[in-house]
Amino acid sequence: MDISTTSYKRCELVEVAGRIDSASAPRFEEALQEVLERKRYNIVLDLSGLEYISSAGLRAMVSTQKVCKEHGGQLVLAAVPKAIQEVLDLTGLDALFTAYPDTVSAVGSF
Amino acid sequence: MERSLTVPARFTELAHIAEFIAQAGREAGLDERTLFHVQMAVDEACSNIIEHAYGGESDERIRLSWHCEGEKFVVTIQDWGEPFDPSAVPVPRLDVPLEEVPVGGLGLYIMRKLMDEVTFHFDEVEGNILRMVKRCPR
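Same order as they appear, the protein sequences are chains A and B.
The numbering of the first sequence is my numbering, which starts it at 1 and goes up by one.
The numbering of the second sequence is my numbering, which starts it at 1 and goes up by one.
Treat the hints as calculated values from the structure; they're not laboratory data.
All figures in this text were calculated on a predicted structure; none of them were measured in a lab.
Treat each hint with caution, since some may be false.
The list that follows gives simulated cross-link-like pairs (lysine-lysine, BS3-like), each with its CA atoms no further than 27 Å apart [stated by the list, open to error]: (1) B:K72 / A:K69; (2) A:K9 / A:K66; (3) A:K39 / A:K82; (4) A:K66 / B:K72; (5) B:K72 / A:K82; (6) A:K66 / A:K39; (7) A:K39 / A:K9.
Beta-carbon label-pair distances, calculated as ranges [said to hold, decoys possible]: (8) A:K39 / B:P90: 39 to 45 Å; (9) A:K82 / B:R93: 25 to 31 Å; (10) B:G55 / A:R38: 33 to 39 Å; (11) A:E70 / B:R26: 41 to 47 Å; (12) B:K72 / A:E70: 33 to 39 Å; (13) A:A99 / B:K113: 18 to 24 Å; (14) B:K113 / A:S4: 54 to 60 Å; (15) A:S105 / B:G70: 28 to 34 Å.
The beta carbon of each residue, even a glycine, is placed where N, CA and C say it ideally should be.
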């Protein structure tokens with residue numbers, strides 16, 4: 001799993017690629033936690049390079065969204081691959097996240 | 001045609017397991033979407049075994065095997081950890097306000113949603129045996 005964070009004026013862009021499973025989910029969670037610790041509560045999660053996400057990764061996304069919303073912000077998704085979108089739909093978690101087709105529109109939403 | 005794989009109960013084995021299932025899917029002629037579903041269900045099952053049956057990573061074994069029964073693709077996963085009672089796992093409520101969404105319990109829910117049959121059996125000698133079936137259009 002590769003993960004990188006870029007700061008924009010009104011939000012943080014977190015790009016994650018590869019597999020998020022129980023082996024890599026702790027690193028994913030740490031990266032999101034690091035953003036929250038800097039009191040940045042508007043987050044764009046770019047999933048364009050994501051091949052797979054397990055419930056461990058989904059848990060980290062839900063936890064992060066909870067904290068963001070508590071502070072008046074939100075975590076949004078960008079460029080969600082079809083297979084990942086299906087998992088979000090299947091679990092009903094799609095209702096918890098606004099999704100954009102690309103990072104430009106996602107970053108621009110803030 | 002039957003294949004099997006035995007690995008230690010470590011999260012680093014999950015990628016190896018995913019590749020084993022990918023190979024199985026190719027041999028069984030599964031389409032891409034079906035294979036993705038099976039891989040995810042297997043990943044969730046094995047993660048649960050490591051975390052819950054064995055209480056964390058160790059060199060204890062997880063044994064996976066697969067075979068085809070006509071239109072059915074069958075995966076069997078065996079461990080020798082704590083007996084698992086699926087009825088004790090609450091179904092996560094996802095239709096509630098965000099602050100009430102449980103942060104756990106998704107793994108088993110996902111397995112049941114993605115596979116057509118998910119059955120658990122515990123035996124004193126054989127341990128936990130999980131059987132998952134996916135009907136596969138070919």
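Structure-inconsistent hints, enumerated in ascending order: 1, 3, 4, 8, 12, 14, 15
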